Amino acid sequence: MGYQDQLITSESEVNEKFKSIKKSPVLLNKEAWNKRMEKRIIMDKVARKIFSLSTVFALVILGILFYRIGVQSAGWLNLKFLTGNLSIFPEKAGIYGAIIGSVWLMAVVIPVTLLLGVSTAIYLEEYAKEGKFQSFIKTNISNLAGVPSVIFGLLGLAVFRRLFGLGSSILAGGLTLSLLVLPIIVVASQEAIRAVPNFLRDGAYAMGATKWTTIRTVVLPASLPGILTGCILAISRAIGETAPLVVLGIPTLILAIPESLMSDFTALPIQIYYWTLDTVLTPEYANLAAATIVVLLVVLLLMNSIAIFIRNKFQRRY
Amino acid sequence: MDKAVNVRDIIKKNIKSKKNVTEKIMPKVFLLSASISILTTVGIVMTLIFDSYRFFSKVPLREVFSTRLAPLNANPSFGILPLINGTILTSLIAMCVAIPVGLTAAMYLSEFASEKRRKTLKPIMEVLAGIPTIVYGFFAYSFVTPLLMRIIPSLGAKNALSPGIVMGIMIIPMVASLSEDAMSSVPNSMREGAFALGATKLEVTFKVVIPAAISGIVASFVLAISRAIGETMIVTIGSGSSKNFTFDITESMQTMTAYIVEFTSGDAGIGTTGYYSLYAVGLILFLFTLVMNLIAQYISHKYREEY
Numbered sequence: 001m002g003y004q005d006q007l008i009t010s011e012s013e014v015n016e017k018f019k020s021i022k023k024s025p026v027l028l029n030k031e032a033w034n035k036r037m038e039k040r041i042i043m044d045k046v047a048r049k050i051f052s053l054s055t056v057f058a059l060v061i062l063g064i065l066f067y068r069i070g071v072q073s074a075g076w077l078n079l080k081f082l083t084g085n086l087s088i089f090p091e092k093a094g095i096y097g098a099i100i101g102s103v104w105l106m107a108v109v110i111p112v113t114l115l116l117g118v119s120t121a122i123y124l125e126e127y128a129k130e131g132k133f134q135s136f137i138k139t140n141i142s143n144l145a146g147v148p149s150v151i152f153g154l155l156g157l158a159v160f161r162r163l164f165g166l167g168s169s170i171l172a173g174g175l176t177l178s179l180l181v182l183p184i185i186v187v188a189s190q191e192a193i194r195a196v197p198n199f200l201r202d203g204a205y206a207m208g209a210t211k212w213t214t215i216r217t218v219v220l221p222a223s224l225p226g227i228l229t230g231c232i233l234a235i236s237r238a239i240g241e242t243a244p245l246v247v248l249g250i251p252t253l254i255l256a257i258p259e260s261l262m263s264d265f266t267a268l269p270i271q272i273y274y275w276t277l278d279t280v281l282t283p284e285y286a287n288l289a290a291a292t293i294v295v296l297l298v299v300l301l302l303m304n305s306i307a308i309f310i311r312n313k314f315q316r317r318y
Numbered sequence: 319m320d321k322a323v324n325v326r327d328i329i330k331k332n333i334k335s336k337k338n339v340t341e342k343i344m345p346k347v348f349l350l351s352a353s354i355s356i357l358t359t360v361g362i363v364m365t366l367i368f369d370s371y372r373f374f375s376k377v378p379l380r381e382v383f384s385t386r387l388a389p390l391n392a393n394p395s396f397g398i399l400p401l402i403n404g405t406i407l408t409s410l411i412a413m414c415v416a417i418p419v420g421l422t423a424a425m426y427l428s429e430f431a432s433e434k435r436r437k438t439l440k441p442i443m444e445v446l447a448g449i450p451t452i453v454y455g456f457f458a459y460s461f462v463t464p465l466l467m468r469i470i471p472s473l474g475a476k477n478a479l480s481p482g483i484v485m486g487i488m489i490i491p492m493v494a495s496l497s498e499d500a501m502s503s504v505p506n507s508m509r510e511g512a513f514a515l516g517a518t519k520l521e522v523t524f525k526v527v528i529p530a531a532i533s534g535i536v537a538s539f540v541l542a543i544s545r546a547i548g549e550t551m552i553v554t555i556g557s558g559s560s561k562n563f564t565f566d567i568t569e570s571m572q573t574m575t576a577y578i579v580e581f582t583s584g585d586a587g588i589g590t591t592g593y594y595s596l597y598a599v600g601l602i603l604f605l606f607t608l609v610m611n612l613i614a615q616y617i618s619h620k621y622r623e624e625y
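Residue numbers (the working numbering), protein chains in the order written: chain P, 1 to 318; chain X, 319 to 625.
Hint data in this document are derived by calculation from the structure and do not stem from the laboratory.
The model shown is predicted, which means the values in this text are computed figures rather than measured ones.
Note that beta-carbon positions come from the ideal geometry of N, C-alpha and C, so glycine has one too.
One or more hints might be untrue.
[To be verified] Straight-line distance between alpha carbons at most 25 Å, and here's what the computed SDA-like set of lysine to any residue pairs gives:
#, chain 1, residue 1, chain 2, residue 2
1, P, 132, X, 615
2, P, 30, P, 41
3, P, 129, X, 340
4, P, 138, P, 224
5, P, 49, X, 328
6, P, 313, P, 205
7, P, 45, X, 437
8, P, 138, X, 356
9, X, 331, P, 205
10, X, 620, P, 187
11, X, 376, X, 390
12, X, 440, P, 306
13, X, 437, X, 356
[What the hints assert, rightly or not] Here are some chain X residues pointing at chain P (derived, C-beta under 7 Å):
#, residue
14, 351
15, 355
16, 356
17, 357
18, 559
[Said to hold, decoys possible] Covered, in the sense of this in silico footprint (three residues per stretch, anywhere, with C-beta under 8 Å from a C-beta of chain P), are these stretches of chain X:
#, segment
19, 362 to 375
20, 385 to 392
21, 400 to 412
22, 424 to 434
23, 456 to 465
24, 484 to 498
Generate coordinates for the entire structure from the input sequences, incorporating the hints supplied.
As structure tokens, then:
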């Protein structure tokens, strides 16, 4: 029997064939088919709606968050608030000290993480031989990225405060935050360096450049936008980080503006934390916290826009 | 005729020159900074173990695994179970929010949304992920808790429910973007095969894409749990510092992270059992998150389907 005998040419033929085998055929029962198809299409449409709703949910929350904080800070956020000193009286309180404290912190975090992070990335991408040691460092960095920030606070407390005797100074806080954000900048720099094509390196070698000269004059300039983007992301993480600083034991009310690396300090997120805690006693502190949050979010938004700008403007694809 | 140039001499000269010294030193400098990251890990593990050891040598294990936590009491007791309970409950609430919303958002972004819409929605998700946790803490305390109080009148000003929900919201972008990465790395040919058989988008998503990307999706869930366990400021502000052992999520309860924050900002002097208890709690917290991260790595390596 050739296969042509098995070909079905009409619906009635199918029905007959099925009748002889079993009950009524489901295959080409048009009504049932259409009903089922309709159900599937409706399910598809409903699912699409639900899925898009949950995406919109995130958007709505973001809107509510910004709106609430905007409303609560309205009237409190003015020049006097930005340039005034801390005070226990909500009407007089300002966050000048906290802003300067955050700037000082970043003055420690930026050079330390940039130096350590970029050289670690250069080592891993350019010098390290494929092997156990390299993969050990890589696993180690990815695990460090998953360690909760409070733990870094405990590390800072034990090492920088207790062992090195740095107290609750800017240096102790800055170094703690640097270690916390180091994995971010290492991974970003690694990706940036890896994206530099090999023919650029080969060109430099062909002209007689040594390895370090090649890295310094070819690889680093080419990967700079990626490294800077990573750096900005790391800083924006560090600037909003609260837990490690609180664990280090930053004093609650600091009236003096920090003057050196060894000064006691307060920073924007810490100020938000203490004011939020104390809203039970003084409800106006909630407004102060909201106003400080606005300042922090504006700074973060600015930095992220710069990062996106750098990424779009300077990043070259080879 | 000029003097003949001896190439060998030039090479020898170059090898001895200053340039060559930097050439030899730089790799060592880089190796040194690469080892800082290892030193950090060693530092974390050492401080946690040393100071926890002092704690465990003072406090009997039976007391540690009890439900009574009263570090400042005249008759102090250091039971860690209330903290573990608080941590697990708040993380569970967070997962109840983050996993369904995050996964469906990932399915939408990866399978349903048009390219244009995807390009506008993803940056918004990134903004949500970039907001500092202290801001979420403030949001939980000043907005979500009062809102929930209208629905559940018995809710306390400090409770586990509100920070749990807000923590879930904070984690949504993480689950969504990691799952979306896993799902969009499923090759299109597989989708097209299913479409050719007459499947709808929903069927393709559930029967082809999700099974193929399951390792990445599960890994994102595990990482999200680890993130929730380690989250500090939201629970510190929203859930308070009650050290009761309770399963009632409308009450205040303390997590491990919140305990650490409360105790250092208080004046637990160096040398007291209370001070060392921080490190014991820190050690357990560290182990919890480390195990979670290792599980996530294992899942995504072991069960990854290569195409």
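Unmet hints by their number, sorted upward, for this structure: 5, 6, 13, 17, 18, 20, 21
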